[in-house]
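So the protein lines, in turn, are chains A and B.
Read in order, the letters of the first sequence correspond to residues 1 to 166 in the working numbering.
Read in order, the letters of the second sequence correspond to residues 1 to 316 in the working numbering.
One should not assume that every hint holds.
Stated by the list, open to error - Heads up, simulated SDA-like pairs for lysine to any residue below, C-alpha to C-alpha not over 25 Å straight-line:
hint: 1; chain 1: B; residue 1: Lys-43; chain 2: B; residue 2: Gly-67
hint: 2; chain 1: B; residue 1: Lys-43; chain 2: A; residue 2: Leu-143
hint: 3; chain 1: B; residue 1: Lys-146; chain 2: A; residue 2: Gly-122
hint: 4; chain 1: B; residue 1: Lys-146; chain 2: B; residue 2: Gly-67
hint: 5; chain 1: B; residue 1: Lys-146; chain 2: A; residue 2: Leu-21
hint: 6; chain 1: B; residue 1: Lys-43; chain 2: A; residue 2: Arg-95
hint: 7; chain 1: B; residue 1: Lys-43; chain 2: A; residue 2: Pro-98
hint: 8; chain 1: B; residue 1: Lys-149; chain 2: B; residue 2: Val-222
hint: 9; chain 1: B; residue 1: Lys-89; chain 2: B; residue 2: Asp-162
hint: 10; chain 1: B; residue 1: Lys-43; chain 2: A; residue 2: Pro-146
hint: 11; chain 1: B; residue 1: Lys-90; chain 2: B; residue 2: Leu-101
hint: 12; chain 1: B; residue 1: Lys-43; chain 2: A; residue 2: Ala-124
hint: 13; chain 1: B; residue 1: Lys-43; chain 2: A; residue 2: Val-123
Unchecked claim - Partner residues are not named here, just some residues of chain B that face chain A (Cβ under 10 Å, in silico):
hint: 14; residue: Arg-21
hint: 15; residue: Leu-59
hint: 16; residue: Pro-63
I should point out that these hints are in silico values taken from the structure, not numbers from a laboratory.
Beta carbons: idealized from backbone N, C-alpha and C, even for Gly.
One-letter residues, chain by chain:
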Amino acid sequence: MSHAGSPRWPVWLVLLASAALVSLPLPDSFTPFRPPWAAIAIIYWIMMWPRAVGIGSAWILGLLLDILQGDLLGQNAFSLSVIGYLTMRFHLQIRIFPLWQLTMTVFALLAINAFILFWIDGVAGHPSAGFARWTQVITGGILWPPVMTIMDRIRERLQRHGPTFP
Amino acid sequence: MALSRPDSDQRTFRNTGYGLRTVMLCILSVAIMALDHNNEHLKSIRSVLSAAVHPIRLLIDAPLSLGHWIGDNAATRSELLDENHRLKKKNLILNARLQRLVALEAENTRLRALLDSTAKVNGRVLIAEILSVDMNPFRHRITINKGSKDGIYVGQALIDADGIIGQVVRNQFFSAEALLITDVDHALPVEIVRNRLRTIAVGTGDLERLSLPFLPRNADVVDGDRLVTSGLGGTFPPGYPVGTIHEISSDSGEPFLNVSATPAAALNRIREVLLIWPEPDSAQRAADEDSAGAARPPEEAGTIAPQKNTAAGDLQ
């Protein structure tokens, strides 16, 4: 029954895919509605499988995102580490929340993420992004329930198969 | 419900070291940010990491490239004939213009010889393709598929068929990042074609608009004036189109006009860009122009060499 030996590389594939989704080209008018995929993925995986995904993974994913987006190196790494820590700290509580409460929590975590990015932008003297950064948080929160259903499928597959993942 | 058996291992997961690890990683992040912010100390690290994520970039770009490729291959014969026809016509017109250009270039060389200045030669160009990878959506940046392996350098100018696009700000091995002229962090020295009035065009964060905030209220600008690069500052070679002025307004009490311009290049529709290498001595000349045009120290005013290039600019 133990899945301690379940392979972790598929999780990394999901995390990399989330980073790729962040950089997927979309028309400019969609910018305010683009959800912060990487933050959502990190919250989900740390909450549901803290053995496989930890703060270190969050940091590395953040660094990857910084490179892909041409941001200040360390900006996303910092914010993802912080929300990774918060998720890890409360993962036992939040994963038994009813869905609406969980969605609210994710909302709050995404808002913290956006705030940290906003704050670092301010300190570094980069122009503020205006409203788009905050509307992205709202889209992310709204998309949480369906995203969670999909990720649950992936996780169940991974954990059921154990060490011999196909 | 899916939540029923999260992490179905019966023993609760207890990881005690993660608080300390978070603190360490946060300190590390702050250190990296400080180093990255100050004069790009981490250029080489960024370059290595960027090479590592290059496959991801290519992967993101792949569907769109495939789309283009399919579009190209699936074009019907009549479409191709049409396009061929159009291009032939365009080529004819361009050739006709080029004939005049040859004469003008000869004249220019003669006049420059009279002024004891070096002749301009055409710079080397390289075609690069923009990778369809969205960078931080709040900044106007693009990634191109040529990097330091092709001899690209930081500060190099990017143009398309209609005008200036931007400049290279980060140079990696396989790719490079460029800042568009409409980014809020970007400013470029321009002059008005009609009267060679020099000013600065600043990005606004809007792809369709540049702002010219430093024109005094009595400046001679009219709606429709065309802007070209002035070559001051040394980054952009002189004479390339930048945009057209489309709105002038003035608030009484403000010392400067509010002037905005439309960029000449179609910044949101480009796929291919040209990287230009300026003629070898242009950096030197631009530096001369800069010092002579901006401050003009008295000891230089007496010499001929630095002055000749600003002669035209000072006629206004």
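Hint check results:
1. Taking the CA atoms of B:Lys-43 and B:Gly-67, the gap is about 34 Å. The hint is violated against a cut of 25 Å.
2. Proximity of B:Lys-43 to A:Leu-143 is assessed by CA-CA distance (about 37 Å); at most 25 Å being required, the pair is judged violated.
3. Simply put, B:Lys-146 and A:Gly-122 have alpha-carbon atoms about 31 Å apart, too far for the 25 Å limit, and the pair is violated.
4. Distance check on the hinted pair: B:Lys-146 and B:Gly-67 sit about 21 Å apart at the alpha-carbon level, within 25 Å; holds.
5. Of the supplied pair hints, the one linking B:Lys-146 and A:Leu-21 holds, its CA atoms being roughly 23 Å apart against a limit of 25 Å.
6. Our distance criterion of 25 Å between C-alpha atoms is broken by B:Lys-43 and A:Arg-95, whose separation comes to about 41 Å.
7. Pair hint B:Lys-43 plus A:Pro-98 does not hold up; C-alpha atoms about 47 Å apart against a cutoff of 25 Å.
8. The suggested pairing of B:Lys-149 with B:Val-222 is violated, with an alpha-carbon distance near 45 Å, which exceeds 25 Å.
9. At most 25 Å may separate the alpha-carbon atoms for a hinted pair to count; B:Lys-89 and B:Asp-162 meet this at roughly 18 Å.
10. Between the alpha carbons of B:Lys-43 and A:Pro-146 the distance comes to roughly 40 Å, so the proposed pair goes past 25 Å and is violated.
11. Restraint check for B:Lys-90 and B:Leu-101: the C-alpha separation of about 16 Å stays at or below 25 Å, so the hint holds.
12. For the proposed pair B:Lys-43 and A:Ala-124, the alpha carbon gap of about 17 Å is at most 25 Å, so the pair holds.
13. Annotation: proposed proximity of B:Lys-43 to A:Val-123 holds, straight-line Cα distance about 21 Å (limit 25 Å).
14. Restraint check, B:Arg-21 versus chain A: the minimum CB separation of about 5 Å is within 10 Å; hint holds.
15. Here the hint on B:Leu-59 is kept, as its CB sits about 6 Å from the closest CB of chain A, short of 10 Å.
16. Of the supplied interface hints, the one on B:Pro-63 holds, with its beta-carbon coming within about 9 Å of a beta-carbon of chain A, less than 10 Å.
In the structure shown, a violation is registered for the earlier hints numbered 1, 2, 3, 6, 7, 8 and 10, in ascending order.
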